[in-house]
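Peer 1: Start from chain A and add chain B according to the hints.
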Amino acid sequence: MKAVGARLPRYDGIEHVTGRTTYVDDVRVPGMLWVKALRSPVHSAAMSGLDTTKAEAMPGVHAVVTHADVPLLEYGHLSALGIPADEPLLAKDEVRYKGQPIALVAAEDEETALAAVDAITVDFEERTPLLDVRRAFDDDAPTVHQWGNWYTHFEGEMDRRQIRKGSIDDAFEQADVIVQGVYRPAAIEHVPLETQVALVVPEANGRLTIYSCTQALYFSMGVVAAHLQVPLNKLKVVGGTVGGGFGGKVDTATETMCALLAQKSGRPVKWRWTREEEFLCSSTRAPWHMEIADAVTKDGWILGRKMLTLHDSGAYARFSPYGLTKHSFHHTGAYTIPNLSFDGFVVFTNRVPTTAMRGFGVTSVSFATETHMSRIADVLGLDPYEVRLKNANRVGDTSPNRIVYTDPSTVSVVKALAGGMDVELATEYAAMTRDPREGDLLPAHLVGQLGNPEDH
Amino acid sequence: MKLTVNGRPREIEGAPLTTLLHVLREELGVTSPKAGCEQGGCGACTVLVDGEPQRACLTPVGAIDGSEVTTVEGLGAPESLSALQQAFTHHYAAQCGFCTSGMLMAAEAYIARGGTDDREAIQEALAGHVCRCTGYVKIIDAVAAAARGDAFDLTVTAAGTAMTNLGGVS
Chain A
1 MKAVGARLPR
11 YDGIEHVTGR
21 TTYVDDVRVP
31 GMLWVKALRS
41 PVHSAAMSGL
51 DTTKAEAMPG
61 VHAVVTHADV
71 PLLEYGHLSA
81 LGIPADEPLL
91 AKDEVRYKGQ
101 PIALVAAEDE
111 ETALAAVDAI
121 TVDFEERTPL
131 LDVRRAFDDD
141 APTVHQWGNW
151 YTHFEGEMDR
161 RQIRKGSIDD
171 AFEQADVIVQ
181 GVYRPAAIEH
191 VPLETQVALV
201 VPEANGRLTI
211 YSCTQALYFS
221 MGVVAAHLQV
231 PLNKLKVVGG
241 TVGGGFGGKV
251 DTATETMCAL
261 LAQKSGRPVK
271 WRWTREEEFL
281 CSSTRAPWHM
291 EIADAVTKDG
301 WILGRKMLTL
311 HDSGAYARFS
321 PYGLTKHSFH
331 HTGAYTIPNL
341 SFDGFVVFTN
351 RVPTTAMRGF
361 GVTSVSFATE
371 THMSRIADVL
381 GLDPYEVRLK
391 NANRVGDTSP
401 NRIVYTDPST
411 VSVVKALAGG
421 MDVELATEYA
431 AMTRDPREGD
441 LLPAHLVGQL
451 GNPEDH
Chain B
1001 MKLTVNGRPR
1011 EIEGAPLTTL
1021 LHVLREELGV
1031 TSPKAGCEQG
1041 GCGACTVLVD
1051 GEPQRACLTP
1061 VGAIDGSEVT
1071 TVEGLGAPES
1081 LSALQQAFTH
1091 HYAAQCGFCT
1101 SGMLMAAEAY
1111 IARGGTDDRE
1121 AIQEALAGHV
1131 CRCTGYVKII
1141 DAVAAAARGD
1151 AFDLTVTAAG
1161 TAMTNLGGVS
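Protein sequences appear in the order of chains A and B. Note that my numbering numbers the first sequence so that position 208 is 208, with each residue one more than the last. Note that my numbering numbers the second sequence so that position 85 is 1085, with each residue one more than the last.
Hints were generated in silico from the structure; no laboratory data involved. The reader is advised that the hints may include incorrect statements.
[What the hints assert, rightly or not] Partial chain B-side listing against chain A, Cβ under 8 Å, derived:
#: 1; residue: A1035
#: 2; residue: C1042
#: 3; residue: R1132
Glycine residues also receive a C-beta, built at the ideal position from the N, C-alpha and C atoms.
One chain only, chain A, in its complex shape:
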């Protein structure tokens, strides 16, 4: 354990301060082409008449690719985990979000590539977009996605992530007060200083060397191999140096399309998004809509929680079913509530597809549950620290998905927080530990929910 408590040099520290770190954009190969994209200018439209002839004929243009060039057009980021594919690499018959890529050009320089993009023609029959998850279930809402307006492929082809625990009806019957809240954190763009970028070099041995800014190298490798329908041994992916990602570089944004252009042109190609593209077209943290209704007692026990979550997935599923699943497991926050009824939907809208960002699916629910804890304290006229300590996870409590807690930290964290804020806790709370609830500390409503940590 020599490293614990020691000051260790960063393995890349000296490279960073001497300007020697080689990010993807810093890799130099001779003969490299630049890539620019034709993207959808509208949120939702039927598309026809895509014609790249003029662009292909322009001097300095070496390759143009469209949906017709992709061996496997649709592949899902979680296809390998059994979540079906829904997103075409390049739009074919319709566009579902503003900024969706339709065609790409590789040319001698960026100016030529941009001029060639302008020379591509395509017709859009614009449709009314759906931009608000709260309207997705209306009878007259526009249909966003080939599966409808929400994801329908959870286990057993369920159309939602659902959790039922204990008896929610009993909890609401026994409650003194019902405390309700609606929480709607907005989308956040990750804004890494390094925009999305890839450089793909076709090697003489038939392989492609892919320089990628990905946070998830093996995801990217699998996604590229699937779309191109090539075995993994035809791809050499070089990653590991990321100029900021924060979750936004989990999606495979550029590598596959550069690989297609490298194959078609026989030249190294680089696609580096502009800051404007990064803001308008890259995936964001999802906006979430969360409704909570808690059955509580006058003295601050939470007997039960009903919760509805609408996760804005944007136009395609990507990682959202996974994010919502994590969200559902955490929907009681750091607290133990024995009776639960949770329904969460991955809702499609005509926005950019959303993705991971620093605590995928969990920051949203933490924001909602912590705000709600304080709201409960406000409504009951109780101390917000004490409401938290009372309902805090203890050894032997169980999570919404019935994991038995063996090492919960809620009590110590809340006590540290109170200390940091110079809040004096009442004696019984100051003495509280994470030890299992028993004797006088075990309220009747929690008797049935305890698990045995030894079983875990």
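Peer 2: Coordinates of chain B only, in the frame set by chain A:
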């Protein structure tokens, strides 16, 4: 056109309206200035032009014909780190590293014009430099330390690997 880049005279072939950032990165192969936004908003491309920090992405190379340009490559190599580079290393001021070049150049100019370890003054000098890893506190710590002239026990081997303070000095 001519520039002196990190002490070395260079002939520039790019058209006068080509950005200094493009000339440095694509023509001269000097890659420490980064193309973070190419619209003057993030600071990652900042270099010194005749000692003054400038956004290379907004500087037409024709406007600075004959100037001296300094980038991070001109501050110090791994075996000869400048005081500021040592301070950044010691204080872990570089996280993903993408903003670091611009931060270093702005801080270098700040210290050269007599900047002190006053944190507000340092913030002012680094205003407009975005660190999206949000490591601002450590960056300001590093600049303040360099401004004070703090000495660091950074033992740098010939291979460029820092083996510093193993054993718990904070």
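Peer 1: Hint by hint, note whether the structure agrees.
Peer 2: Verification of the supplied hints:
{"no.": "1", "hint": "A1035", "verdict": "holds (6 Å)"}
{"no.": "2", "hint": "C1042", "verdict": "holds (6 Å)"}
{"no.": "3", "hint": "R1132", "verdict": "holds (5 Å)"}
Checked against the numbered hints given earlier, the structure satisfies every one of them.
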